[in-house]
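Protein chains: 2
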Amino acid sequence: MSQEKSSYPVSKRGPEDHEVRDQIVTAATEHFSRYGYEKTTVSDLAKSIGFSKAYIYKFFESKQAIGEVICTNCLREIEDEINAALNKTAYPPEKLRVLFKSIVDSSLRLFFQDRKLYEIAASAATEKWDATIAYELRIQKILQGIIHEGRQAGDFERKTPLDEVVKVIYLVIRPYLNPLLLQHSIEFNADAPMLLSNLVLRSLSP
Amino acid sequence: MSQEKSSYPVSKRGPEDHEVRDQIVTAATEHFSRYGYEKTTVSDLAKSIGFSKAYIYKFFESKQAIGEVICTNCLREIEDEINAALNKTAYPPEKLRVLFKSIVDSSLRLFFQDRKLYEIAASAATEKWDATIAYELRIQKILQGIIHEGRQAGDFERKTPLDEVVKVIYLVIRPYLNPLLLQHSIEFNADAPMLLSNLVLRSLSP
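Protein chains in written order, with this note's numbering: chain E, 2 to 207; chain R, 2 to 207.
Some hints could be false.
In this list, chains with the same sequence are indistinguishable; a pair is considered to hold if it fits within one copy or across any two.
[Unchecked claim] Here are the computed lysine to any residue pairs in the SDA-like style, where the Cα-Cα straight-line distance is at most 25 Å:
#1 K160 - A191
#2 K160 - F189
#3 K54 - W130
#4 K129 - D192
#5 K89 - V167
#6 K48 - D131
#7 K129 - H185
#8 K89 - S44
#9 K129 - I187
#10 K89 - S124
Keep in mind the hints are simulated off the structure, nothing from the lab.
Given the structure is predicted, the values throughout are model-derived calculations rather than measurements.
Generate coordinates for the entire structure from the input sequences, incorporating the hints supplied.
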């Protein structure tokens, strides 16, 4: 990257750009998780990392751009956990149960174990950052894969259009996927995954 | 009422207590809907109605107590609309569709047409006022009635425990019933009632 023509000429040969970006993201994650995302400015961040504000702006055009990377990392972590859980079973109805359970468990753990990072996720969901939209689409893709597989195996009915089934199951799980809704659904978290996946499975019976 | 022994002796014979209460509630509804619930104090309210603060406190122990009555009135209005819609049909599956549609339509109209009154509903939902809890239980009761009726008519399956079915359908509709969730679900309002009631009806097929 540092060999490429850049609109930000680097005065001397230093670490690779992606290394500096990673370094900023790591420090920002640490800083935000301690002091919160909303209240922190890029100046605060620069001071705490020991970089100049101008240097940070060479790598990220705004605080949100840093937040987006952190958010993407968080959502990837949830997704990795979901995929790891799904890989343990091959039976589509069971995959659906596992999907519901792991979405609720991973989202809760990540969004609420660390209340300060929750702020970033909440901003992302409120302002519909690309990271959130991409994540929601990927979850719908996973859902679509499970339904498709279950239909082929004869486990699920095939009369209802696939798109409708994916969309409505996504609507059912959305309150436990979106951090803005999740914060108001916590009292139901113990029962919801089981009850909702049972309902969905009854609706899918051939 | 004014004949009864009261802990607040009235100095001269005036209007009945319930009349004064209604008068305060009407004026407060008007005032809150213009200036918001959160920012208004009982002093502001007293000034605007032309009563003394002490006089208002004779009838309501707090601002929340007034808010509770307003909230109850709002929720009753939603419920009346839901019941009026339900009375137009006798077929349980159709009743379920109507229930979903009318919950979404009435909640949206009442909570969002008047953003300032929405604040009261949001406080009520956040702080779990009695008015909200009672409303949620009444909606569950309506739901239970429809499921029970559909089971007796042979329209719905009877294997799943009735309580589980009621609870899970309530969970499915909750994002459109609870104002805190509804504000984050608006983009789905056009499709959600139809998609979700179709899903629920598929799950109920005998």
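Hints, verified against the model:
For the homomeric pair K160 and A191, the shortest alpha-carbon distance between copies (23 Å) is at most 25 Å, but the shortest distance inside one copy (32 Å) is not. For a Cα distance limit of 25 Å, the shortest separation of K160 from F189 across copies, 23 Å, qualifies, whereas the shortest one inside one copy, 31 Å, does not. For the identical chains of this complex, K54 and W130 are intra-copy neighbours only, at 23 Å inside a copy versus 47 Å across copies, given an alpha-carbon limit of 25 Å. Taking CA atoms no more than 25 Å apart as the test, K129 paired with D192 passes between copies only; the shortest distance there is 20 Å, against 29 Å inside one copy.
In this assembly of identical chains, K89 and V167 lie within 25 Å of each other by CA distance solely inside one copy; the values are 22 Å within and 32 Å between copies. Taking CA atoms no more than 25 Å apart as the test, K48 paired with D131 passes in neither setting, with 28 Å inside one copy and 49 Å between copies. Taking the shortest alpha-carbon separations for K129 and H185, both the intra-copy value of 19 Å and the inter-copy value of 11 Å come in at or below 25 Å. With identical chains, the CA atoms of K89 and S44 are never at most 25 Å apart, being 46 Å at best within one copy and 62 Å at best between copies.
Proximity of K129 and I187 under a CA criterion of 25 Å is satisfied in both settings, with 22 Å inside one chain copy and 14 Å between copies. In this assembly of identical chains, the alpha carbons of K89 and S124 never lie at most 25 Å apart, being 33 Å within a copy and 43 Å across copies at closest.
Checked against the numbered hints above, the structure breaks hints 6, 8, 10 and satisfies the rest.
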